[in-house]
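Protein chains in written order, with the working numbering: chain A, 1 to 220; chain B, 1 to 329.
Be aware that one or more of the hints could be misleading.
[What the hints assert, rightly or not] Take a look, some chain B residues computed to stay more than 12 Å from chain A by CB distance:
1) Leu5
2) Ser6
3) Ala96
4) Leu136
5) Gly138
6) Phe140
7) Phe168
8) Pro178
9) Val189
10) Ala192
11) Glu194
12) Gln204
13) Ala205
14) Val246
15) Pro264
[Said to hold, decoys possible] Restraint ranges, calculated between C-beta atoms of paired labels, are given here:
16) A/Ile215 - B/Ala231: 47 to 53 Å
17) A/Glu24 - B/Glu3: 56 to 62 Å
18) A/Pro181 - B/Pro59: 29 to 35 Å
19) A/Thr72 - B/Ala231: 28 to 34 Å
20) B/Thr214 - A/Pro94: 18 to 24 Å
21) B/Glu3 - A/Thr26: 42 to 48 Å
22) B/Glu3 - A/Ala22: 39 to 45 Å
23) A/Thr72 - B/Pro127: 33 to 39 Å
24) A/Ile215 - B/Pro127: 39 to 45 Å
25) B/Arg107 - A/Ala150: 34 to 40 Å
26) A/Ala150 - B/Ala139: 31 to 37 Å
27) A/Lys217 - B/Arg150: 31 to 37 Å
28) B/Glu300 - A/Ala150: 40 to 46 Å
29) B/Pro286 - A/Ser66: 47 to 53 Å
Just so you know, these hints were derived from the structure itself, not from any lab. Where is the CB? At the ideal position from N, CA and C, for every residue including glycine.
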Amino acid sequence: MTTEPAPLITLLGTTALLFEPAGETTLSTQQRIWALAREALAWPEIREAVPGMNNLMLAFACPPRSLAPLETRLHAAWQAAAPLPLDGRVIDLPVVYGGERGPHLADVVSHTGLGVDEIVERHAGALYPVYAIGSHPGYCYLGGMDARIATPRRQVPVLSIPGGSVSIGGAQTGVSASAGPSGWNTIGATTARFFDVAQHPPTLLHPGDSIRFRIEKVIR
Amino acid sequence: MIEILSESALATVQDLGRLGALSWGVGVSGAMDPLALEAGNLLLGNAPDAAAIEVQIFPFQVRFDAACAFAVTGGGGPVRLGERELPPWWCGMAAAGEVLRLGVPKRGTTHGSRAYLCLAGGVDVPPVLNSRSTQLRGAFGGHEGRGLRRGDRLAAGTLGWGARPLWFGIVPPSLTLPCERDGLPAVRVLPAAEYDSFTPASQQAFWAEPWTITPQSDRYGYRLSGPVLEAIAFRELRSHGIVPGVIQVPRGGQPIVQMRDAQPSGGYPKIGTVIDADLWRLGQAPIGSRFRFIEASWDEALAAADETRRWLASIERLVGLHTLGTGGR
């Protein structure tokens, strides 16, 4: 652990800082990010600790007069951070693949050279840990997709895809929690509700939970 | 109660923003010009973070059902209560049935883009996740999670000065807290993580050249046009948290400044971040206008924030003097 390059700490204006460890994106690094987030949230100058993909944003309660002591504390806490166990729930999401709600399944077929059945089986065959929540209310950044079905983001983003759309963007997959623009390839749809302000907490999923996609139907 | 008389979906209920919900994917929202919102609230004896109506399209008209103290701050055109014209950044008292009109800015004049209609006690919509700001993507907060429409009725809270006969104002911060460089408005910027991955020529152009706010600019973000900023090597970043003010540079080399409705995470290279104390200046900068970025140090950025706090404290003192005779709060 002492041989790893020092993580980068950079400013997001006077509002927040960004902490970025070096190296490939891994689940174990993410588990340490969760541990660091939990600890930093207890510091008086920190208002919010927001995990990203193998990085952490710390929003200031009030910007500190001097940054150096905070940076020192952050590096020390990272060195000491032990991975939090992945002991969240596993949520099954039934997905209708293809058809009107999966308009880009054909693009994944042509990019990967795999058949529809194989793409669907590989997509539904993995367990996807929730690394972080971000982008829009209730949206989950997931790890764990089979590299064989990775498909580049679309050249031209789609202006709006409906909530519940299951999509592939590069080596990642995700489910949009509400309607909005997207540059990813939409391959299917689920009916789960990911965000409800009437609930506390309002998100269906949390970092450490996992998603399993279940094949409800494949429309060719 | 007030009734919205204008068809204006771009008018929304906003407060100082939704803090503490980033980890659920919920961005901050809030007033594009938080200084105008806070000043308007101070004029009325409201809590600084009380909710108001942010108006982006003019004219905009409301009718008061009952007597109510109000303030109009920020940008926009001439403001009229019935037949009386209000000076800018002014508070007054509307009688029941009176119509308040926020007019179209006169062409060729220097004006801001967004006006804030503050009501004594604040606009009384239910707080959602600790804020009354409208979250458009999530369709919650504000008034039914959407922009305002003709016929919508909004209640005012019960605090503040209530229905006291007010008629005074303040000097706008564009005059008292000016920030300019070489004849153009300017905002201060702290370099961000990928600053060093831009070519020296692009770094220099970023500070030296004026930037134009394109029509593809709104509460989500401002797309700028100016010199093409070239990265030494374009990197796709891992998704990470971002905040309003972050200046992203996508592959095309034209920067996008994230504004209040920006999503709370992103992955484009960041050349810098507009300091929080200056974000209101951009919030008021009209489409088509030009401005400059000024490089700031951490200490300069904090000093700018202190200067803003002092300006707000001076308003509070002024309001105290104006309201002494009427019994104070």
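Subject >> Verdict for B/Glu3, A/Ala22 (Cβ pair) under range 39 to 45 Å >> reply: Because 58 Å falls outside the window, the suggested range is violated.
Original post:
Would you say the C-beta atoms of B/Arg107 and A/Ala150 sit inside 34 to 40 Å of each other?
Top reply: For A/Ala150 against B/Arg107, whose Cβ atoms are near 53 Å apart, the range 34 to 40 Å is violated.
Subject >> Non-interface claim for B/Ala192, where every Cβ of chain A lies beyond 12 Å >> reply: violated, 6 Å
**OP:** May I ask you to test the hint 40 to 46 Å on the CB atoms belonging to B/Glu300 and A/Ala150?
**Re:** Between B/Glu300 and A/Ala150, where Cβ atoms are some 44 Å apart, the hint holds.
Subject >> Consistency of the no-contact label for B/Ala205, given chain A and a CB cut of 12 Å >> reply: About 21 Å separates B/Ala205 from the closest Cβ of chain A, which puts it past 12 Å; holds.
Original post:
Does the Cβ pair A/Ile215, B/Ala231 satisfy 47 to 53 Å?
Top reply: violated, 41 Å
Original post:
Does the hinted range 33 to 39 Å hold for A/Thr72 and B/Pro127 at CB?
Top reply: The hinted range 33 to 39 Å holds for A/Thr72 and B/Pro127, with Cβ atoms some 38 Å apart.
Original post:
Does the no-contact call for B/Val246 survive, Cβ to all of chain A over 12 Å?
Top reply: violated, 6 Å
**OP:** Could you check that no beta carbon of chain A comes within 12 Å of the beta carbon of B/Val189?
**Re:** violated, 8 Å
Subject >> Outside-interface status for B/Ser6 - nearest CB in chain A farther than 12 Å >> reply: holds, 26 Å
Original post:
Could one say that the CB atoms of A/Ile215 and B/Pro127 fall in the range 39 to 45 Å?
Top reply: Given a distance of about 42 Å, which is inside 39 to 45 Å, the answer is holds.
Original post:
Does the claim that B/Gly138 lies outside the interface with chain A hold up, using a Cβ gap greater than 12 Å?
Top reply: violated, 4 Å
Checked against the numbered hints given earlier, this structure breaks hints 4, 5, 6, 9, 10, 11, 14, 15, 16, 20, 21, 22, 25, 27 and 29; the rest are met.
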